Amino acid sequence: MTSYQSELGGGGNVAEELAKGQRAISIAEFFEKNKHMLGFDSGARGLVTAVKEAVDNALDATEEAGLLPDIYVEIAEAGDYYRLVIEDNGPGITKEQIPKVFGKLLYGSRFHAREQSRGQQGIGISAAVLYSQLTSGKPAKITSKTQGEEQAQYFELIIDTDSNEPEISVEDTTTWERPHGTRIELEMEANMRARQQLHDYVKHTAVVNPHARIEFREPSEHLKYERATDQMPAETTEIRPHPHGVELGTLIKMLGATDSYSVSGFLQSEFTRVGQKTADSVVDNFRDRHYGREMAWSPPASHEDADIEAAITDAVNGKGQEATSAFAGAVADAVATRDRLAHHELRAVVEKAADDAEVDSGVTFGDTVRENAVDAAWREIVVGREADCFRLVDEATTSRKDDAAVEALARRVATGFTGNDDARDRITHETLSNYVERAAERTKERDDVSFGETARENVVESFWAVARTVPDDAPSVKETEGDRDTASELLEAMRETDILAPPTDCLAPITDELVEAGLRKEYDADFFAAATRDAEVHGGDPFIVEAGIAYGGDLPAEGQVDVLRFANRVPLVYQRGACASTDVVKRINWRNYGLDQPGGSGMPNGPAVLMIHVASTNVPFTSESKDAIANVPNIEDEIELALREAAREMKRYLNKRRSMEKRQRKQNVIADILPRMADKLSEVTERDQLNVGDSLARIMNNVLVEREVEDGHVKLVVRNFSDTNADPDITDIVGVDPGQPEDAQVIEMDGEWFVKWSPTVAAGETAVLEYDVSDDATFDVSVEGIEDAKLTVNA
Amino acid sequence: MSSDSDIPRQDELARERLIDLAAEFYDQFAAGEVPSMQIPTRTKSNIEYDEEQGVWVYGDRHSTRSANTVGGAQKLLKAIYVIDFLQNQLQENRSSTLRELYYLSESWDLDAAQFNSQDESNGLIEDLEIVSHVKREDFHMRPEESGAKVMGPLLIREQTNRGERQIHCQDDVGQGGYQIPNNVDTIEFLDHDADFVMAVETGGMRDRLVENGFDEEYNTIVVHLGGQPARATRRLTKRLHDELDLPVTVFTDGDPWSYRIFGSISYGSIKSAHLSEYLATPEARFIGIQPSDIVEYDLPTDPLSDSDVNALQSELEDPRFQTDYWREQIELQLDIDKKAEQQALASRGLDFVTDTYLPERLEDMGIL
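Protein sequences, first through last, are from chains L and P. Just so we're aligned: 534 in full-length UniProt numbering is position 534 of the first sequence, and the numbers increase by one with no gaps anywhere. Just so we're aligned: 141 in full-length UniProt numbering is position 141 of the second sequence, and the numbers increase by one with no gaps anywhere.
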């Protein structure tokens, strides 16, 4: 916003003038001017959005109550306007809540919950109410009945756009045939130009909610989408935010609201996936950022110039020789056992030695003495700093750098520490990086040896790895909240720490089974496949991607495939081109999977429907109207994997189908040719008619079933010319009693005997099924369990 | 494959062979097997030299036509239909041309048995020749184009449909010469006055030789090849050599395609290698135009085209041209990158060929 400063214009009265025109605007008023942001930018679109919001609410309400949704949507012409009625069989809304739910924007139970649900902001349905009152001037008519009540509540209301409060014009009770549920009736300026989108929306909703029954009546059509399963979607649980998913403002707000004193307690109580251990790691990282680390140096060996014992002895005055030497000796010994030692560790060593010396000698080692001893000992330890730096730099750089260069760099890094105001060699990661950066630049300048980016980073990390986290207490929650930089350090610490992905019981994927069932229900196709991926995380919010494919059958073979997009079970109807899912579909090479794709990229063609569902506690949309999923790389990757998983199945199916078609074509041709060859051969050679069944079955590697009958002895010969086992079910329907043939089941029905065998015939083998009949019998054999293209029946 | 003149007996034999072939397929069906037939692979890589006969014949490589595939089944079906047609034709003592067979298939009741192209029907007849060991002439199948023409001191008797005819191939014929019949085995050689046979590639050169009286002057039987020689022409050449003991010479253009013409007379063609012993004249000798003649006589030339070079290179690998003489000539030609026609000799005058070139060459070759 433009800010006018009072100095402008030379006097104070401009600001005052302006202030007269400045006032708070109600959210409702804001909406009135920004309808497009919520999907009400045209009459056609407004109708779709209103239906969408009401149906989403109805589905959420019924599911939450564990009820199988039964939803009725009606659009009718009403004079100059359209009347929209939506009824559900949900639990109903209490009398007190009804005006707020429908008559107040941003009222809802969802916005603060981290749980997968269709609606989130509490804008949708009240926005529809607002839209209808703005365009038609008519109030919304709401009927709701809760379980067990005799009468339903009836309201007529509008929204006061100044105060964002409901304005009730009628409040009454009424009778309603539904045992419980909610009905909303809106009249609005609209048109049916978006009929296709409406139909898509309802149909897609039915696909993705196979547990729902939806009836849709509009001026020219009446459609019913029946329930395909009684299985409700898994119930979701609400989760606390994940540390990787919060932003600074939210974090500061949470810090202000918590009852915890310590950051550790705050993390554990307010976030998901944070226990004691994770909290400790975050707090360590937090302290490293807030205080920096203390560099730990290797203590000097006794033969080196430094002598800790002597230095301490010099620094301690008037404590008696015995006590002094015991104290100095204890410190020196303790230090010598350490590989590396940071300032605070030295302090701990000194404190312990002093305490021990006090106990042993009875002499008091006061704070000043201790302080002096620490300083004296530290001076001795840092004597070896340069040599230590050399070792660290040498380890971190490649062996190709010669010693002189390494030494030069190490010396300059050490200079950084010497020049530090903090005698404890306490540094932040950033300071350390600066030391190394500066040292590397000087080395380049003076010695003409350059250390590249990676080498510098390696050096920094080798120092940082041996530096020690300081023992200081982390800032408290209050301190952190009070200081933006500190809070930012905490946020960085949270992001940097490895934390388990959020739990996924807050998500309710449709499951691959039901994705398939949904598609099967609404599309008459030959093949269906579906895939549900494992949960992944984007910005702290877990998400699951599912994909489904329907292929063939009645789907139109011409033109592009249909892409059905869903977010949290809600169909996305508009802005297909802006959606991440569309981008992913376009970048997959569908030719690999047997679909036609002109140019090898872009929308594939063919008789297929692709379905993509993203379920998340927070689906990232490109805009408030929630039409398109934003291009989040994690989500795109998962969409691609899910699609590819389903597409692989489709490819297998198509390959098999093509090979079966080819086989069938071959069989058709050969089955046509062979008998003609045989006839001609009989003619030329003047011999008997030939039976080509055996040859045909052999050519096709088929299973051949042939009948031989001789004096009432019936043989069904099953020859397997294929290269795999065959397990046919062979049923012979016989007109007379066949007795009890071996290995067969006989069932008599209306004077016909059904004789059934289920032999297993190995590749290249022959099975003979035999029985006897007394006299001339009729036969009718049927073979199941072998594809037609692989079967030759000659019986 | 005899030249037995007992025609009805020979027809009966051919018919029996065809019916035997059908019976083989019949038996395969009856045994529940997949009907199939084996045919030698008819490619350059599957011909080998028959030491005994001195000709090139098919090697051991075979391909199997079986009803296992759609294509194979269709081929077999057509083969069976053709067998039926041929045995009928023999029985009724009729004959037909290869082209007639192609069109005749249109009248068959089954679409799948009809031919898609004449190459297909020609190939099938060759297949049947091979598997039945009966020549297509004995199936009463004729090629469309007639045989070439002969001019020279030769007296023959021909069995025609209209009775026997005695013809002297110089005295009884016009300027065009005697027309060789499709089935050369209907001719009987009665007498001759010839010293050698000269097969000539182009009609123009043949006419030149006749006009200049070369056949009379040198007692030559001039056989006009007319491009790639028909079977009848090759068969006649072979019979002239074998029965009358005449040396055979071949006079063509000086390019790779003409060497192949010589090759098919001398060594046998790849497509009819199964009939080499019956058609090829291994003793035939090449007169020219040789690449070395182009150099020696400084003939007007054309440059070699890409396909000429390819053809020459392919001849270098052709087993039939693996002799020192041919390797030398072909390499020379590749080297000079030139080719010349027979008519190029006219650059030295119309009589140069009969007065100088041919006498010189024939003397070199020890024929004159």
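If you're looking for bench data, these hints aren't it; they were derived computationally from the structure. A couple of the hints might just be wrong.
To be verified - Rough simulated footprint, nothing fancy, chain P against chain L, three-plus residues with beta-carbon under 8 Å:
(1) 661–671
(2) 679–685
(3) 692–700
To be verified - Each computed BS3-like pair below joins lysine-lysine, with the alpha-carbon atoms no more than 25 Å apart:
(4) Lys790/L to Lys651/L
(5) Lys651/L to Lys586/L
(6) Lys75/P to Lys666/L
(7) Lys651/L to Lys521/L
(8) Lys651/L to Lys662/L
(9) Lys662/L to Lys75/P
(10) Lys138/L to Lys35/L
(11) Lys224/L to Lys521/L
(12) Lys338/P to Lys790/L
What the hints assert, rightly or not - Partial pick of chain P residues on the chain L-facing surface, computed with a CB cut under 7 Å:
(13) Ala22
(14) Ala23
(15) Tyr26
(16) Phe29
(17) Gly32
(18) Val34
(19) Ala67
(20) Asn68
(21) Ala73
(22) Leu77
(23) Asp84
(24) Leu110
For clarity, every value in this text was computed on a predicted model and none was experimentally measured. Heads up, the beta-carbon is just placed ideally off N, CA and C, and yes, glycines get one too.
For a quick check of understanding: which of the numbered hints are violated here, in increasing order? Violated hint (a single one): 12; every other hint is consistent with the structure.
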